[in-house]
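Please take these sequences and the hints and turn them into a complete structure.
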Amino acid sequence: MQISGSHKTKQFLALAIKVAILIGAAYFIYDKLANNAQLDFDTFLTQLETSQLLHPEIIFGLLIATFFNWFLEIVKWKTLVNAIKPISLWESTAHTLGGLTASLFTPNRVGEYGAKALYFEKSERKRVVGLNVLGNLAQLLTTVFFGVIGLTFFVLQFGIELPWNKLVSAVMILMVLSGIFLLVIKQKRFQIGRFSWERIRSFLRNVSGEIHVKNLSFSVMRYVIFSHQLYVLLLFFGLNTSYVIAMSVITAMYLITSLIPMLFIFDVVVKGSVAVWLFGYLNVSELHILSVISLMWLLNFVLPSIVGSYFVLKFTPVQTSQKPVVS
1485 MQISGSHKTK
1495 QFLALAIKVA
1505 ILIGAAYFIY
1515 DKLANNAQLD
1525 FDTFLTQLET
1535 SQLLHPEIIF
1545 GLLIATFFNW
1555 FLEIVKWKTL
1565 VNAIKPISLW
1575 ESTAHTLGGL
1585 TASLFTPNRV
1595 GEYGAKALYF
1605 EKSERKRVVG
1615 LNVLGNLAQL
1625 LTTVFFGVIG
1635 LTFFVLQFGI
1645 ELPWNKLVSA
1655 VMILMVLSGI
1665 FLLVIKQKRF
1675 QIGRFSWERI
1685 RSFLRNVSGE
1695 IHVKNLSFSV
1705 MRYVIFSHQL
1715 YVLLLFFGLN
1725 TSYVIAMSVI
1735 TAMYLITSLI
1745 PMLFIFDVVV
1755 KGSVAVWLFG
1765 YLNVSELHIL
1775 SVISLMWLLN
1785 FVLPSIVGSY
1795 FVLKFTPVQT
1805 SQKPVVS
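Throughout, the numbering used here is defined as the position within the sequence shown, counted from one, plus 1484.
Because the hints were derived from the structure by calculation, they are not lab data. Errors might be hidden in some of the hints.
To be verified - Pairs of lysine-lysine residues, derived as BS3-like cross-links and limited to a Cα-Cα distance of at most 25 Å, are as follows:
1. Lys1798 to Lys1610
2. Lys1698 to Lys1569
3. Lys1569 to Lys1798
4. Lys1606 to Lys1798
5. Lys1610 to Lys1698
6. Lys1569 to Lys1610
7. Lys1610 to Lys1650
To be verified - Derived DEER-like restraints, expressed as beta-carbon distance ranges:
8. Leu1667 to Ile1507: 43 to 53 Å
9. Arg1689 to Phe1544: 16 to 26 Å
10. Thr1530 to Met1659: 45 to 55 Å
11. Ser1742 to Val1697: 16 to 26 Å
12. Val1639 to Ser1701: 22 to 32 Å
13. Val1503 to Lys1569: 24 to 34 Å
14. Thr1527 to Ile1790: 21 to 31 Å
15. Thr1530 to Arg1689: 50 to 60 Å
16. Glu1608 to Ile1548: 31 to 41 Å
17. Ala1654 to Ile1568: 16 to 26 Å
18. Asn1620 to Tyr1765: 23 to 33 Å
19. Val1697 to Thr1636: 18 to 28 Å
20. Ile1657 to Phe1629: 17 to 27 Å
21. Lys1569 to Leu1625: 20 to 30 Å
This one's a predicted model, so the numbers in the text were calculated from it and none came from an experiment. Virtual Cβ for every residue (Gly too), placed ideally from N, Cα, C.
Okay, here's the thing in structure tokens:
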């Protein structure tokens, strides 16, 4: 009876945590839609009606872009996990979308690391976290690569005055600190907790070059999809400039916002503020920009997180030598 009672208590606690995650995610989404100081919901709906977006074929096209955006992320995660063991596409979907829902209101989606790790046995979880770092790092490097090109073009195109002396000094300081950091961690005795440079090198060696290439390739494809999805939405909201200039602003926006630590739920607010400033140079109205950013947030984060709620509810914690139940 005592064992049965303990088991029931664990089941109840697991259910309570799942419900708490879903209620928290639902509340934050509702609050952001209903109490957005930048753009109230009624105005947002009015903007959608006047933008000619509410046609079945256009909505279908936007949803297809969202589908492929997250499908590529799911395939990327499946590819990364192959470094440990093969998983099915359905399992990868559960990990990816369930992790998104669980991390919705954590800073920079850090909750995703723990959420994905829970799908694996305890002995595998450190490597799973490492693989998640590799996946997110590839996406960040893609954003930085295209963002630096776009921001440079944007600055030169519009003759924006920047504090170059301070920027050069900051870059030099960052390079020096990075060099010192690399020298320190390469010392064999250097260790943070149970992580040492040798352990990191061993982990990276166990991830094949093919997986690294696929990881980066999927990240680039995702970037191309969601950045062009944003571009198409801007066209419907009256963007009237060349493709090159528009993409330079879009890539610059993603670069700046990716480097700002924030609660994931406030992603729409930060992107909105940065986008309003950048697209102001293209004479795009603030209302149109905020509407587009809000729509991107709904399509690429809210909608997938709603789907992810199913996997959160279906999740069963892993027992020793047992795979999590994904139904």
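Verification of the supplied hints:
no.: 1; hint: Lys1798 to Lys1610; result: holds, 23 Å
no.: 2; hint: Lys1698 to Lys1569; result: holds, 16 Å
no.: 3; hint: Lys1569 to Lys1798; result: holds, 22 Å
no.: 4; hint: Lys1606 to Lys1798; result: holds, 20 Å
no.: 5; hint: Lys1610 to Lys1698; result: holds, 21 Å
no.: 6; hint: Lys1569 to Lys1610; result: holds, 14 Å
no.: 7; hint: Lys1610 to Lys1650; result: violated, 39 Å
no.: 8; hint: Leu1667 to Ile1507: 43 to 53 Å; result: holds, 48 Å
no.: 9; hint: Arg1689 to Phe1544: 16 to 26 Å; result: violated, 45 Å
no.: 10; hint: Thr1530 to Met1659: 45 to 55 Å; result: holds, 49 Å
no.: 11; hint: Ser1742 to Val1697: 16 to 26 Å; result: holds, 22 Å
no.: 12; hint: Val1639 to Ser1701: 22 to 32 Å; result: holds, 29 Å
no.: 13; hint: Val1503 to Lys1569: 24 to 34 Å; result: holds, 31 Å
no.: 14; hint: Thr1527 to Ile1790: 21 to 31 Å; result: holds, 23 Å
no.: 15; hint: Thr1530 to Arg1689: 50 to 60 Å; result: holds, 56 Å
no.: 16; hint: Glu1608 to Ile1548: 31 to 41 Å; result: holds, 34 Å
no.: 17; hint: Ala1654 to Ile1568: 16 to 26 Å; result: violated, 38 Å
no.: 18; hint: Asn1620 to Tyr1765: 23 to 33 Å; result: holds, 30 Å
no.: 19; hint: Val1697 to Thr1636: 18 to 28 Å; result: holds, 26 Å
no.: 20; hint: Ile1657 to Phe1629: 17 to 27 Å; result: holds, 22 Å
no.: 21; hint: Lys1569 to Leu1625: 20 to 30 Å; result: holds, 26 Å
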